[in-house]
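Trainee: Residues per chain, in single letters:
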Amino acid sequence: MLRLSHLGKKYNGLPVIDQFDLDIEKGSFSVLIGPSGCGKSTLFDLLTGTIEREYGTMEWIGEAVPHLGQIAAYMQQKDLLLPWLSLMQNAMLPQVFSKEKHLRKNKKAKGLFERFGLNGFEDYLPGAVSGGMKQRCALIRTLMFEREIVLLDEPLSALDAITRRSLQSLLLSLQKDFKKTVLMITHDIDEALYLADTVLVLTQAPMKIRDRITLPSEKPRNLDSSEYIAIKKRILSELEEEMQL
Amino acid sequence: MLRLSHLGKKYNGLPVIDQFDLDIEKGSFSVLIGPSGCGKSTLFDLLTGTIEREYGTMEWIGEAVPHLGQIAAYMQQKDLLLPWLSLMQNAMLPQVFSKEKHLRKNKKAKGLFERFGLNGFEDYLPGAVSGGMKQRCALIRTLMFEREIVLLDEPLSALDAITRRSLQSLLLSLQKDFKKTVLMITHDIDEALYLADTVLVLTQAPMKIRDRITLPSEKPRNLDSSEYIAIKKRILSELEEEMQL
Amino acid sequence: VDKLSLMLDWFPNIDHLPLFVAKEKGIFERHGLELSILSPSETADPLKLAASSHIDLAIAYEPQTIIAASSGIEIKGVGRLIGHPLTTLLFIGGKNIEKPSDLEGKKIGYTVPGMMDLLTDGFAKENGFQKYELINVGFTIIPSLTTGKVDAIMGPYKNYEVVELEQHGYTPGYFELEKYGIPDYDELVFVTGATTLKDKERLIRRFRKAIQEAIEMTRKTPEEALEVYLKAVPEAPRELETAAFARTLDLYAHTQDFSVEKWQKFADFAASIGMIDKEVLVHAILWNGK
Amino acid sequence: MSFVKRTVVSTGLLLLLFLLWEGACRLANIPIFILPAPSRVLFVAVTQAPLLAYHAAMTGIEIILGIFFSITAAIPLAVVMFVYPSVEQAFSPLLVASQAIPVFALAPLLIVWFGYGIWSKVFMAAIIIFFPIVVNLLEGLKSCDSDYRKLFHLMGAPFFQSFRYLYWPWALPYFLAGLKVGVSVATIGAVIGEWVGAQRGLGYLMIQSNARLRVDLVFASILWLTAIGIFLWILVGAIEKRTLTWTR
Amino acid sequence: MSFVKRTVVSTGLLLLLFLLWEGACRLANIPIFILPAPSRVLFVAVTQAPLLAYHAAMTGIEIILGIFFSITAAIPLAVVMFVYPSVEQAFSPLLVASQAIPVFALAPLLIVWFGYGIWSKVFMAAIIIFFPIVVNLLEGLKSCDSDYRKLFHLMGAPFFQSFRYLYWPWALPYFLAGLKVGVSVATIGAVIGEWVGAQRGLGYLMIQSNARLRVDLVFASILWLTAIGIFLWILVGAIEKRTLTWTR
Ligand SMILES: Nc1ncnc2c1ncn2[C@@H]1O[C@H](COP(=O)(O)OP(=O)(O)OP(=O)(O)O)[C@@H](O)[C@H]1O
Ligand SMILES: Nc1ncnc2c1ncn2[C@@H]1O[C@H](COP(=O)(O)OP(=O)(O)OP(=O)(O)O)[C@@H](O)[C@H]1O
Ligand SMILES: [Mg+2]
Ligand SMILES: [Mg+2]
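Residue numbers (this note's numbering), protein chains in the order written: chain A, 1 to 245; chain B, 246 to 490; chain C, 491 to 780; chain D, 781 to 1028; chain E, 1029 to 1276.
Keep in mind that the hints were calculated from the coordinates and are not lab data. A few of these clues could be false.
Stated by the list, open to error - Sample of chain B residues lacking proximity to chain D, with all beta carbon distances greater than 12 Å (derived):
#, residue
1, PRO260
2, ILE454
3, GLU487
4, MET488
Unchecked claim - Residues on chain E that point at chain A, a partial pick, calculated with CB under 10 Å:
#, residue
5, SER1038
6, LEU1041
7, PHE1097
8, ILE1099
9, ASP1173
10, ASP1175
11, LYS1178
12, LEU1179
13, GLY1184
14, PHE1191
15, LEU1194
16, THR1271
Cβ atoms here follow ideal geometry from the backbone N, Cα and C, with glycine treated the same way.
Whenever a hint applies, use it, and build me the whole structure from the sequences.
Mentor: The structure is reproduced here in structure tokens:
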């Protein structure tokens, strides 16, 4: 279990995240939804130690950890591909740094390229592919980490509906097969409802959890059912309220 | 009227855009939808002369033009904010370069910051705001141009549902009030249906127009009506077919 | 054969001709010596390196040697190459400078700060002029003179820059220091470090013999000596060097033995013009083969 | 590492180096007229402070003027070379040549042009400082991302505005790197300039001391010169900190 | 502008400059020992080619070795200074000092350490080349975007790998700018080095010729030296084109 208590971070004296508490079940898929600029990316940065928190504690499986830097794989909102490496080299970076045997991972990367519709582009430099392709490559790189927690910051925002849907199911199956604990930020409520075990609706900065919606465990889901339409409406109206404050 | 004939662009000998024809009504709102990597951004780059086309011609209001560089305002997929200028300075760049009187534009920018939910962040550097805020700032900058055509490459992809909706209506009113010709790329079919006069569904690279859907002129629209749901299904299935080729 | 290394005071020039004659004509060889000749980066280097035993022999100037001795550097003069001052106060002739007092109110350049400027002061005092402007021209001697930026320069050699001026079509004029109240001194001498002298006394003695023989041979067959030199130093321009040689021939030392009296006179003069702070007793630094 | 701790460590390191040098001088018995021990250099640098300060003031002024003029010349030249590649092609051989010319070849010319005053020294220093600044600035301008360039082109930005808002800030870190090199080599530039025609300045003092075999004074001059260099270096570092605020 | 057109324009510009120089020499009647006309320099550079080539070969080798050693030393030093700011603090004064030392202060020491062979010259050249490379590389490393740094930290990249995949490519344009400055100043570096007791080399030839007022030969040597410099400059430019493929 991942437990955050009283997490906090200020920028220029203004709190962006303040007394933030959160419990996440190991092996669950949680999705964070919140207004733009509310502090979601900042939260992930705190979790991974990318920026230092000012106060608060983190526990992972009952043990206090300074941060999740070495436990979690993190896909940031920017793609952060290295412009001098090809897509394949970029995706294989985590493998370069690990001490495990390579062959298996090589195969894994090739498989992912295929499933992500990037086959044929392995040797392209990031500068020579489209925005969506860069995003997919960054996602592959994140999946190449073999870590227990996966943090995804708007991983599919630049993709068309079909590619997005196919990658959503891929994410689902990866999470199920490998029992990863996934935290994902998205602005797409359908996506949240399709993937999440738990949806966390966040407030404006200073960010708090406004609503915590536990979804039924059936997957894949039929989002056209009235149950989900009701939840979608609820999230939308909550967000709307947030924006009006 | 904007008329493109036989436009073409190859990368490494492979055509990305090939014999592309398109007619756009002056003052209309057209939305391009297509698979990731099909060549949408490349098309916009060709239109603005950001990259050189290999063949084809462009006409604007009956006159052949080399490109739309000086006629169109272009918001690229990357935000391209200058890291050393504050959000307000970034947004005011087009004004710095124009020879018109400034006061009015200054007000306009302030108004846009307000409506985009960026008030209070005028003096922040781009490095100190969230992804969605950067995108909004880039959009403001594009709107600060006073040009007849507006090209928008996924302008709202990083925004939450509510902000996105409010900016959508803003875009609509801007287009209506100032009679701009807008071309916009998006992956969000609802967005397309909400905004567009014409939706252009594109094929995989080499990019062609697969379907051209002219929507009823009523705006704002109720997307829950069966008419729109049918159109949405149609677009989805077309995209799906494209992905399977 | 025994090896000796020697560092010149500057790049090889006509003043060093006897060394090349001795080397090429096998005189060193006959004395059981093999001499390697090196050029320095700067005129003060050879003395420093000799004093610290990094080379065996160095060519130095008498004023420099006295300055070194005064500042406690253990250096020994062991032989002579040029027995009189070459340094002159050079000017372009036909411009109303006939006698030293004509320099009153003129701009006088000098080559080496800390030495030639003091020498100029001494020269002025001896010759009774007071007002003049001193300018450090470094080694841009001919350009400074010919463009009229200075009226005269202290430091050029009478067998060298004088000839160069002539070759560029100017009439040179110069005052020889020893004729205008500055004590006579040995322009170029061989020096060595005190410890080197102890260790290699025998070799150095042989070196003195050899160099004197070479000087004599040069005097006897000057044309041949010049040819030997020009062959050994191919970059030397023939015309200039030939003209310079004619003026140098008489100046090569007639004996390797130092005149303690002459040296002491110059050392006292150096102290009087402030070139050295501590007085020097020259017999302690001169070695005449005993 | 905190600032204080870092300073302590770095001071310790420096001290260690000086001790090694001192030890080497004493143990290997290196004579003072070849390499004076640091203690000796320090002693002279302090006891002769008035003399050194007198000369350093002159050299300092030359350096400042040299830096000023070379920046003034470097920025427009780099910009012109950037805008017109043919000018770059024509001038880069000359620039490289300017680095290959030793003082003595230039000295007569400098004297004819500038006389013996301060300007020949300033020119000499400027020539040396100029080069790293031009090269770095040019490289910096060239490194400007093409997406941004196109954006400015699309915005119809006139060149001066593009320069001000895009190219200059973009090339600034390069420019400052060049300036760091420049202010450091400015020291030797001024010294070299002073070998001809100077009556005052650390370079003058150095040759004078060298001719009189006062090598400790030569090194004390180097110490003072280094102090000027380090001062300017730190200054550029401070400018860097103040202007490149967006990089962190 | 096409490559051909650019070359024509730049050649024209260069020719114009030479004509101006030639004209100035002739009209103002500048004596040959102050500034030889370019026609004269060219004439000597060609007719004395064997002599010049003989000396240039030596200088060329010194330059190459100097560049080699300074790169070899600069990269690790810059990296260590980057990783340990205290080392940077301790060493940057020394670096600045290294640029403030005139040859004559160093020459005796170099002779004591390295003797009269090629190594004292190589060392002198290396000291001069070294500096811009270290400074630029360090600035380049420091300019590395913190988002990427954090990414590598999160990926658990060991330092060597981070260096190879992130820092080095990031700093490469800076390094190459420094190298461009370096190879150009290498020419004067080797020349200055040759003042330390050389028997051969363009620097040696230059002082010799200068002392003998063969100023045309001095300038012919400078011309040859410049040719070496430009060759290296173009080489670095070509390396830049080949390695920085991702910047366009
Ligand atoms: N370096 C910084 N200095 C000051 N304020 C900052 C800095 N970084 C982030 N902020 C502020 O923190 C807030 C939250 O930013 P964050 O990137 O976490 O938002 P977000 O929820 O990820 O938004 P989005 O959905 O748009 O990506 C923003 O208001 C932003 O201005
Ligand atoms: N410089 C380049 N060199 C080679 N191929 C390129 C280059 N730029 C783009 N391409 C190729 O052109 C194709 C179209 O790219 P483009 O950016 O136009 O896609 P897009 O439709 O905007 O996709 P997305 O929705 O992901 O942004 C891609 O397959 C890409 O690999
Ligand atoms: Mg974010
Ligand atoms: Mg795109």
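Trainee: Each hint should be assessed against the structure and marked as holding or not.
Mentor: Here is how each hint holds up against the structure:
| no. | hint | in the structure |
| --- | --- | --- |
| 1 | PRO260 | 22 Å, holds |
| 2 | ILE454 | 25 Å, holds |
| 3 | GLU487 | 28 Å, holds |
| 4 | MET488 | 28 Å, holds |
| 5 | SER1038 | 30 Å, violated |
| 6 | LEU1041 | 34 Å, violated |
| 7 | PHE1097 | 27 Å, violated |
| 8 | ILE1099 | 20 Å, violated |
| 9 | ASP1173 | 9 Å, holds |
| 10 | ASP1175 | 6 Å, holds |
| 11 | LYS1178 | 5 Å, holds |
| 12 | LEU1179 | 5 Å, holds |
| 13 | GLY1184 | 6 Å, holds |
| 14 | PHE1191 | 12 Å, violated |
| 15 | LEU1194 | 7 Å, holds |
| 16 | THR1271 | 9 Å, holds |
Consistency note: the structure conflicts with the earlier hints numbered 5, 6, 7, 8, 14.
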